[in-house]
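Starting from the known structure of chain A, fit chain B onto it as the hints suggest.
If you read the sequences in order, they're chains A and B.
Anchor point for the first sequence: position 102 equals 102 in full-length UniProt numbering, and the numbering is continuous, going up by one each time.
Anchor point for the second sequence: position 79 equals 79 in full-length UniProt numbering, and the numbering is continuous, going up by one each time.
Hints in this document: simulated from the structure, not taken from any laboratory.
Model, not experiment: these values are computed from the prediction.
There may be inaccurate statements among the hints.
Given that identical chains are not distinguished, each listed pair holds provided it fits within a single copy or across any two copies.
As a list, the in silico EDC-like pairs of lysine to aspartate or glutamate whose alpha-carbon atoms are at most 16 angstroms apart [as the list claims (entries may be wrong)]:
| id | residue 1 | residue 2 |
| --- | --- | --- |
| 1 | K109 | D91 |
| 2 | K77 | E3 |
| 3 | K109 | E57 |
| 4 | K109 | D37 |
| 5 | K54 | E39 |
| 6 | K24 | E13 |
| 7 | K54 | D37 |
Number of protein chains: 2
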Amino acid sequence: MAEFSPLVSELIEALRCLPGVGPKSAQRMAFHILQRDREGGMRLARVLAEAVAKVGECRYCRILTEQALCTICSSGKRDRSTLCIVENPADVYALDQATDYSGLYFVLKGRLSPLDGIGPAELGLDCLEKRFCEGEIREIVLATNSTVEGEATAQFIAEMAYNNAIHVSRIAYGVPVGGELEYVDSGTLSHAFAGRREYR
Amino acid sequence: MAEFSPLVSELIEALRCLPGVGPKSAQRMAFHILQRDREGGMRLARVLAEAVAKVGECRYCRILTEQALCTICSSGKRDRSTLCIVENPADVYALDQATDYSGLYFVLKGRLSPLDGIGPAELGLDCLEKRFCEGEIREIVLATNSTVEGEATAQFIAEMAYNNAIHVSRIAYGVPVGGELEYVDSGTLSHAFAGRREYR
Numbered sequence: 001m002a003e004f005s006p007l008v009s010e011l012i013e014a015l016r017c018l019p020g021v022g023p024k025s026a027q028r029m030a031f032h033i034l035q036r037d038r039e040g041g042m043r044l045a046r047v048l049a050e051a052v053a054k055v056g057e058c059r060y061c062r063i064l065t066e067q068a069l070c071t072i073c074s075s076g077k078r079d080r081s082t083l084c085i086v087e088n089p090a091d092v093y094a095l096d097q098a099t100d101y102s103g104l105y106f107v108l109k110g111r112l113s114p115l116d117g118i119g120p121a122e123l124g125l126d127c128l129e130k131r132f133c134e135g136e137i138r139e140i141v142l143a144t145n146s147t148v149e150g151e152a153t154a155q156f157i158a159e160m161a162y163n164n165a166i167h168v169s170r171i172a173y174g175v176p177v178g179g180e181l182e183y184v185d186s187g188t189l190s191h192a193f194a195g196r197r198e199y200r
Numbered sequence: 001m002a003e004f005s006p007l008v009s010e011l012i013e014a015l016r017c018l019p020g021v022g023p024k025s026a027q028r029m030a031f032h033i034l035q036r037d038r039e040g041g042m043r044l045a046r047v048l049a050e051a052v053a054k055v056g057e058c059r060y061c062r063i064l065t066e067q068a069l070c071t072i073c074s075s076g077k078r079d080r081s082t083l084c085i086v087e088n089p090a091d092v093y094a095l096d097q098a099t100d101y102s103g104l105y106f107v108l109k110g111r112l113s114p115l116d117g118i119g120p121a122e123l124g125l126d127c128l129e130k131r132f133c134e135g136e137i138r139e140i141v142l143a144t145n146s147t148v149e150g151e152a153t154a155q156f157i158a159e160m161a162y163n164n165a166i167h168v169s170r171i172a173y174g175v176p177v178g179g180e181l182e183y184v185d186s187g188t189l190s191h192a193f194a195g196r197r198e199y200r
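So that you can see chain A by itself, here it is in the shape it has in the complex:
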């Protein structure tokens, strides 16, 4: 059976570190770069090495950045008394694009999951508590995912906030906009019904 040359096999294997890339896609990507876009491949290699070496996290919110403070935390236009707490860095960009929220963020990079060894320290909750104590933050919005672990994490952080007399809210559960009731799962429906609001 025909085999790829050692370097080509190694490239195909290395491309599989990307999420959602199986053997077939990796092969397609390797051939594409080597046949049609060597310049792009060279650029990707250079940027990737630089990013892996230099990108760390923002000292305040743990967003990925190569600077000490991310653009959000260092911005003068943001309301520094409100903090939105999310699980992943991608959530920050999703929320910021969709809403007019203008406060700061805090990225947990995970959720409480004692069985996997993820406790408060791994999520940076000690730093968060310190910031709660400092008194600058007056309101937090809990935007962790609506899974069991996400809920437990929200609950834990809410307790911390209550102890510092900080106002706590949670993003709303309900029927997705544009969705049809008939296809919505019962957990969501039950939340949507229980969380109904005055019609204006």
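Structure of chain B alone, referenced to chain A:
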């Protein structure tokens, strides 16, 4: 609106050189590497740079390889009198995995397409003709795609082979194995019917 740090944006942009990777997947890949697999990212950067710099093509068959001759052309176990002609390097591996063909291959890296400036020279047909003249090759199997350009290319190469008294065959068109007649397009059906063979 929140912005990625310059290096993170650059990484997301650079990942888009990969085929089938849009803005969302690129963002997901960048976050995955930076949050969960820096080692894999570093390895990918290194292998990618090395492959782009070193991988060229086999002197005989134009398969991608970093050696002068690919493993197929340098193998002593292959039948050197038969040459299978394909459009892309990936076709070589697909055919070699699926069939018991044991001859050599020749990769065109494209098909005749005068409007796009792809003529016989771009496909290496001059080298191919020289090999036809040398007399080692006694049979060729045309495995270009069954598109208009693929057909034209096959026709062109067949003429070259006839001039050197080389036996020419073309891989069979027909109904895909496991397919249902009802869903097969009419061009394929017509080829399958015209190309019917004695039932044994």
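How the hints compare with the structure:
1. Taking identical chains as interchangeable, the C-alpha atoms of K109 and D91 lie at most 16 angstroms apart only when both belong to the same chain, with a minimum of 10 angstroms there against 43 angstroms between chains.
2. Taking the shortest Cα distances, K77 and E3 sit within 16 angstroms of each other only across copies (14 angstroms), while inside one copy they are farther apart (57 angstroms).
3. For the identical chains of this complex, K109 and E57 are intra-copy neighbours only, at 11 angstroms inside a copy versus 44 angstroms across copies, given an alpha-carbon limit of 16 angstroms.
4. Taking the shortest alpha-carbon separations for K109 and D37, only the inter-copy value of 14 angstroms comes in at or below 16 angstroms, while the best intra-copy value is 34 angstroms.
5. Only between protomers do K54 and E39 lie at most 16 angstroms apart by alpha-carbon distance; the minimum there is 13 angstroms, versus 22 angstroms within a single protomer.
6. Taking CA atoms no more than 16 angstroms apart as the test, K24 paired with E13 passes inside one copy only; the shortest distance there is 11 angstroms, against 23 angstroms between copies.
7. Proximity of K54 to D37 under the C-alpha cut-off of 16 angstroms is restricted to the inter-copy arrangement: shortest distance 14 angstroms between copies versus 26 angstroms within a copy.
Taken one by one, the earlier hints all hold for this structure without exception.
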